[in-house]
Amino acid sequence: MSVSEAISEAGTVMPASQTGEPVLRVDGLTVMVDGEDGSRPVVSDLSFEVRRGETLALAGESGSGKSMTSLAIMGLLPKPAARLAGGRVLLGETDLARLGEAGMRRIRGDRVAMIFQEPMTSLNPVLTIGRQVIEAIQAHEPIGRRQARERAIEALNAVRIPEAESRLSQHPHELSGGMRQRVVIAMALALKPDVLIADEPTTALDVTVQAQILQLLKDLQRDLGTAIILITHDMGVVAETADRVIVLRNGKMVEENAIDVLFAKPREPYTRELLAAVPRMGTSRDRIPDAERRGAAKTLLSAHDLSVRFDLTGGVLGRVNRRVHAVEGISFDIQARETFSLVGESGCGKSTTAKAIAGLVPYEGDLILDGRNIGGLDRAGRKRVRRDIQMIFQDPFASLDSRMTVGDLVREPLDIHDVGKPRERNERVVELFERVGLTADQVRRYPHEFSGGQRQRICIARALALRPKLIVADESVSALDVSVQARVLDLLKELQAEFGIAYLFISHDMAVVETISDRVAVMYLGQIVEMGSCAQIFADPRHPYTRRLIEAVPVPDPNYERAPFIRMTGEIPTPVRKLNDPPERLTLQDVGGGHLVAEEAVRV
Amino acid sequence: MIGYLVRRLLQSILILIGVSIVTYALLYVLPADPARQIAGRSATAETVANIREQLGLNDPFIVQYWRYFLGLLHGDFGRSYLQRTEVADLVAARLPATLLLMLGAIVCELAMGLTMGLVAALRRGTNTDQGLMVVSFVGVSAPQFVTGLLLLYVFAVRLGWFPIGGYGTFSHLVLPSLTLGVLGAGWYSRMMRSSMIDVLRQDYIRTARAKGLKRFVVVFRHALPNAILPVIAMIGIDIGLFMSGIVVVESVFGWPGIGQLAWQAIQRVDIPIIMGVTLVSAIAIVLGNLLADVVAPFIDPRIKLR
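Chains A and B are the protein sequences, given in the same order. Quick note on numbering: the working numbering labels position 308 of the first sequence as 308, and the sequence is numbered without any gaps. Quick note on numbering: the working numbering labels position 43 of the second sequence as 647, and the sequence is numbered without any gaps.
These aren't lab readings, by the way, just hints derived from the structure by calculation. A few of these clues could be false.
With the Cβ distance kept under 7 Å, some of the chain A side facing chain B (calculated, not the full set) [claimed, not checked]:
id: 1; residue: ARG105
id: 2; residue: ASP110
id: 3; residue: MET114
id: 4; residue: GLU118
id: 5; residue: SER122
id: 6; residue: LEU123
id: 7; residue: ASN124
id: 8; residue: PRO125
id: 9; residue: VAL126
id: 10; residue: ALA136
id: 11; residue: ALA139
id: 12; residue: HIS140
All residues carry an ideal CB built from backbone N, CA and C; glycine is no exception.
Only chain A is shown next, with the shape it has when bound in the complex (with noise of 0.2 Å):
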């Protein structure tokens, strides 16, 4: 399909959503969680209707029970450990919650319908994407294999998947993230189900993908009626899509309110202090330019002609024929005392830019750091280059030792780089500890022990044990919740004024990147087509894909009008290329004050 037509078909107005009779009423429910200290309830006593062609967002961080809400409804809570205890799931006069796993089964995928956070998994890998759609189909409706094809065309088609008859015999991965969730949604609404619960439907999505599935959840609920379940934690996603909001915590609403109202005049002091959490663009606008605040800085460290390729291989004696351009001929400048941040969406490169920094993966062109290039050094060289860089990683679940004590882990760079005496590093990770908001009583304590927003503050408190001059932050923020995500940028920019640490932010969020960075370059297939100040990236964009990027975030205002933007069907073209087939450098072009863009995008 074409851009202009995918315009037109989403430019038509069908007749308006009939928010008319209830077709989901939820009463007391009740789930409770079989734990090591006996069970305890994760959903009390919840109660809600959704009706016809409305959406109904459910919001709130982890743990707050809007998962368990979801598959209660399915009947697919997670047995033996969870357990539906109590309440009545009313699908019309039937009651979901009484009707077994038989009963169960004929409503599932036909009257309502479910898809999930993780689109990379929630397919099943070993069998064809024809074959998952048609017995989606077939499972419901007694048609034939020809016919239920034809459907199952149609069903990718309606989700707006290009090629969509040659895509039956392809294999999950094969194709994209955002190609997946179009085929989850194909499955889930093939059968026009009553009610569609959409768990997270973006949350794993880069977000111009996630801009895409959204407005598409949109167009297939005013075509066919669909009431909506929407479960999120981010909310821009449910100012741009839901009618009306509940807000959950600890398994028991909050609040329940129509989306405007929500936003502009929430009754609960949690809902408000949820709201307030949330990272806001167009927040540089008003900012002191750093230059200013930081007087004359001096480099830290630069990057020259940095690349990463990965060499793949092939052929009877599987020698190299292709190579992968992870990060293509990159250039920039690291002050001492200011965040960089380098966005971009997952395969730019931005987290290979980050390894090669920290000396993870080998690299060519040149990094100094402190005017020595790091490239030439011997090992102990290296080793003491190390001390000046450090990483805090994204999964603060997997980036901790579950065997060792957070205050062994802590001292562990101290130990290796031979730091002090013994009890001067011991008395280090009590003051890192404290530093970090954590308690000194915590250090003999187990990973398992903490939440992710303390785990994430361990790695931080591990980070600083060298003192280093550089930290290297890939998507450190991005798997906590927002209110966590607010205190730990909060400490980190602390930190930063505390002990003058330049910090490389590598993230996907354009509105955290925002709120924290000095500097930012934008980065695109293994290059750079933007950098400047945060102000001139934000408040002034010139490149193209910066522009949609800044664009596809969802604002959590309900009354935002969104530019209507020229929505991308087509897929981020890859990095993979034959040999001696090197990709075009772009170079950049300064359009004032320092702001690089690069050249094809000025040209246009």
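For this one, chain A is given, so just place chain B on it according to the hints.
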């Protein structure tokens, strides 16, 4: 795919050459003197020296190995010291019986192991699960001569359902295959159980259930092909395990395969036969692994052979 096969076959040949060097070195490590063995205890020192000269045993190791290696290329595995026949002929005559036994064992272990593992995973945490795992544990732990003798006693001696030993009909095959397969079945049931439990937790299983598919379809179409992959990879390695098991099982049941041949050869220190059998086993292991790797992409399309 063809490139991959060519490369893997080349690798396999290198491995086999390595094995042949090691087995040939056995001749030197073992205290037995081949010339003395051939000549017999009563032979004079002169006869022994003659034989040694004839066999070229006075040449340096490299020269001897090279001669042996050239022979291998022509399918000449050497001559048995005691039986005075070509090792290649001896092995070839007994190989079909062993292959048949291995096939029977693979069928047994897959049938028992996969079923037990599947049932245990689906009934996880119940008495059925625990019972099956105890059975599999016993299967893994029991030495094969014990399992073999036990099966023989119960099914052949007491019940008389199967012959006590020998070779020829299908019913001769049952007990040896079972004995050889029990060990693998124990392993497979454990692997299958944990693999299946892991797969049943995956997101795509939840998606399949959310589509309203029947439990049977979810288990057999969605879960099983994913869960079976690690087991497939094991079958290749298993052929190696069989080789040691075969020596025991063939002796217990009087099965005329290469295991028995090897056993007799070991007792009489008939080194050329031991070398021949070792080499054939190595070929079987290498081929088994290759086969497992080649089959995998047909089950999981994500696996590309490069």
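Do the hints match the structure? See the list:
1. ARG105: holds (5 Å)
2. ASP110: holds (6 Å)
3. MET114: OK, holds: MET114 (chain A) within 7 Å of chain B, min 4 Å.
4. GLU118: holds (5 Å)
5. SER122: With Cβ-Cβ at 4 Å, under 7 Å, it holds.
6. LEU123: Since the shortest Cβ distance to chain B is 6 Å, the answer is holds.
7. ASN124: holds (4 Å)
8. PRO125: Holds - the Cβ of PRO125 (chain A) comes within 7 Å of chain B, reaching about 6 Å at its closest.
9. VAL126: holds (5 Å)
10. ALA136: holds (4 Å)
11. ALA139: Status holds, d = 5 Å.
12. HIS140: holds (6 Å)
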